[in-house]
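> The residues making up each chain are set out below.
Number of protein chains: 2
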Amino acid sequence: MSETGATAILKEEVDIVIPTIRNLEFLEKWRAFFEPYHLIIVQDGDPSKGIKVPEGFDYELYNRNDINRILGSKSHCISFKDSACRCFGFLLSKKKYIFTIDDDCFVAKDPSGKEINALEQHLKNLLTPSTPFFFNTLYDPFREGTDFVRGYPFSLREGVPTAASHGLWLNIPDYDAPTQLVKPLERNTRYVDAVMTIPKGTLFPMCGMNLAFNRELIGPVMYFGLMGDGQPIGRYDDMWAGWCMKVISDHLGFGVKTGLPYVWHSKASNPFVNLKKEYKGIYWQEELIPFFQSVSLPKECTTAQKCYVELSKQVKAKLGKVDEYFNKLADNMVTWIEAWEELNPSVAPKSDALPNGSAK
Amino acid sequence: MSETGATAILKEEVDIVIPTIRNLEFLEKWRAFFEPYHLIIVQDGDPSKGIKVPEGFDYELYNRNDINRILGSKSHCISFKDSACRCFGFLLSKKKYIFTIDDDCFVAKDPSGKEINALEQHLKNLLTPSTPFFFNTLYDPFREGTDFVRGYPFSLREGVPTAASHGLWLNIPDYDAPTQLVKPLERNTRYVDAVMTIPKGTLFPMCGMNLAFNRELIGPVMYFGLMGDGQPIGRYDDMWAGWCMKVISDHLGFGVKTGLPYVWHSKASNPFVNLKKEYKGIYWQEELIPFFQSVSLPKECTTAQKCYVELSKQVKAKLGKVDEYFNKLADNMVTWIEAWEELNPSVAPKSDALPNGSAK
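Respectively, the protein sequence lines represent chains A and B. By my numbering, the letter at position 65 of the first sequence is numbered 55, and the numbering carries on one by one without gaps. By my numbering, the letter at position 142 of the second sequence is numbered 132, and the numbering carries on one by one without gaps.
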């Protein structure tokens, strides 16, 4: 499949979801790569403040008034004044693939100086299988010029469907506030020319800045939680979504890749503001990770939705004692799924619609 | 720690183990990097055929006669006419770190054209901790210019001791015979500038061509099995060692890294010969991998030796039914440990020497 071929085929199957464009240069800089696609922009701030999308882009724009109007009594599950609101775009999309990117991320260049088409690389990652059951030392075996190495079991070479593709960042690395404070000048200049599957059973810190996923496979679990205004925590929206997504992908037999593509992350957010948002997350996380490492989903959970509802129950049972916040979060996870099923009724498998007692 | 600093400090703590030098150019090509170190050369072929080591190298050379003389009735545990004999060098070494390399691997160049000091990179990998419990998306957080990313739990940032460093190959990739036959012209030209920890619970295909390890931590499990003359299988020596090493490192809380350094693998071995050696391994492996994925070692196994003896029992119990070969292999795993303890008596922890009933 040629590069242009892959993207041409998929043009109608992709939405680009962008939370809150503050930087008007952002879309201009991405014009060559984004103009052929449909954009869903979710503004997290004051709904009376409009934004001006440059000519030529095909887009939908939503603000808080739209979220309230569309979700009604369920609108509380979407974070207010926080980029976590991006998941409202995931909910509204009707496409198979989502690419989401932050407005301070620009086109990076590869070591040869060529501009990187991030979306195209994400689609390549999503369109080729993942290999979560065994590590391939030459990285993604489905990339051109490489393969499975000696000793890789043949029965595992078919791979599994890829649920998500996590891209990286040149220039400003995605550090937490303490690391930002300690290393204010550190820049990521290392271009690692690799894509790899994160093994089954292994958690990772999923960053929402440069992320793509298969909405049909795992859209319903890509809820970015409750962050921002009125919440005790921030900057854990993507992490929360990533941990939920990874344990559910592991359970459902999907793979998650990380590595290429890179974007150019232009500016570090304020570490003092970040520290205030993060500090509860930093210590709560010490209990969240053992929780997610030990999550076990029953085999009756055969869809992303069922897994997510089951996970919400376990969150309430096990994390409610860490802080009352997790009870509220668990309730909103359920609200999110209700909203998902309302707006995406066809996604629920047909067997669920059978009346009780029907033959399987 | 400067590059030269690290290697200078460690000069007395490293042995380079080379199985069977057929190519006289090999040592000349590595002279600048290997001359400061002690070499242990283990010849696998006809003991009456000598080899000529060029002037200036500090080396010990062993052939089959030496193996028989030194190990006596235990010498059957060392493979005959196969590069698996390299583990005899691991047994005899008294150093903390081992670097082992094949004679068809030469000095590779990084993308800037600089010759890669493979041993130096291996030592850097071994001297910095591993992070097997959580995946860091910017790869080895202990490398210069990088760190743990946002969302990496702080309690896991100390890492664990690194047991092994698995290096890669430019030019000829390490493919099995079927892949060699299907892709005879494929060359690895991709220099991936990364080192990473293979997560806990994940197996990988360990190649012995370019490998280093901490002999104090996991030397006793680096047994390369029974291959070559008189055995039904070949080319699974390093794989076997790798699977044993990984499950035992996971149990003991050590880490395993893969990635840099690269060597230049000059020539592909004959795929027809390889197919003959490999074919039993290719289907046996389908039972070996589930076995290794389910190995569980009791907490009483607190040393590499104890783990390895326990593993040999499980091999006999679970794999003996796959083929009689695995019963023989299990017996030789025990012989190997006996040989190890004979030649390395001080490695056994002191508490083992206490008579029964003594206070702990």
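Mixed in with the good hints there might be a few duds.
What the hints assert, rightly or not - Pairs of lysine to aspartate or glutamate residues, derived as EDC-like cross-links and limited to a Cα-Cα distance of at most 16 Å, are as follows:
no.	chain 1	residue 1	chain 2	residue 2
1	A	K267	A	E300
2	A	K173	B	D137
3	A	K71	A	E18
4	B	K173	A	E134
5	A	K257	A	D93
6	B	K173	A	D36
7	A	K173	B	D36
Hints are computed from structural coordinates only; laboratory data are not their basis. If you're wondering where the values come from, they're calculated on a predicted model, not measured in any experiment.
> Determine for every hint whether it applies to the structure shown.
Outcome of the hint check:
1. A/K267 <-> A/E300: Violated - the C-alpha atoms of A/E300 and A/K267 are around 28 Å apart, more than 16 Å.
2. A/K173 <-> B/D137: Status holds; Cα separation ~9 Å.
3. A/K71 <-> A/E18: Since the Cα atoms of A/K71 and A/E18 sit roughly 24 Å apart, the hinted pair is violated (cutoff 16 Å).
4. B/K173 <-> A/E134: Given pair B/K173, A/E134 holds - Cα atoms ~12 Å apart, limit 16 Å.
5. A/K257 <-> A/D93: Judged against 16 Å, a Cα distance of about 10 Å means the pair holds.
6. B/K173 <-> A/D36: violated, 58 Å
7. A/K173 <-> B/D36: Measuring from Cα to Cα gives roughly 58 Å; hence the hint is violated.
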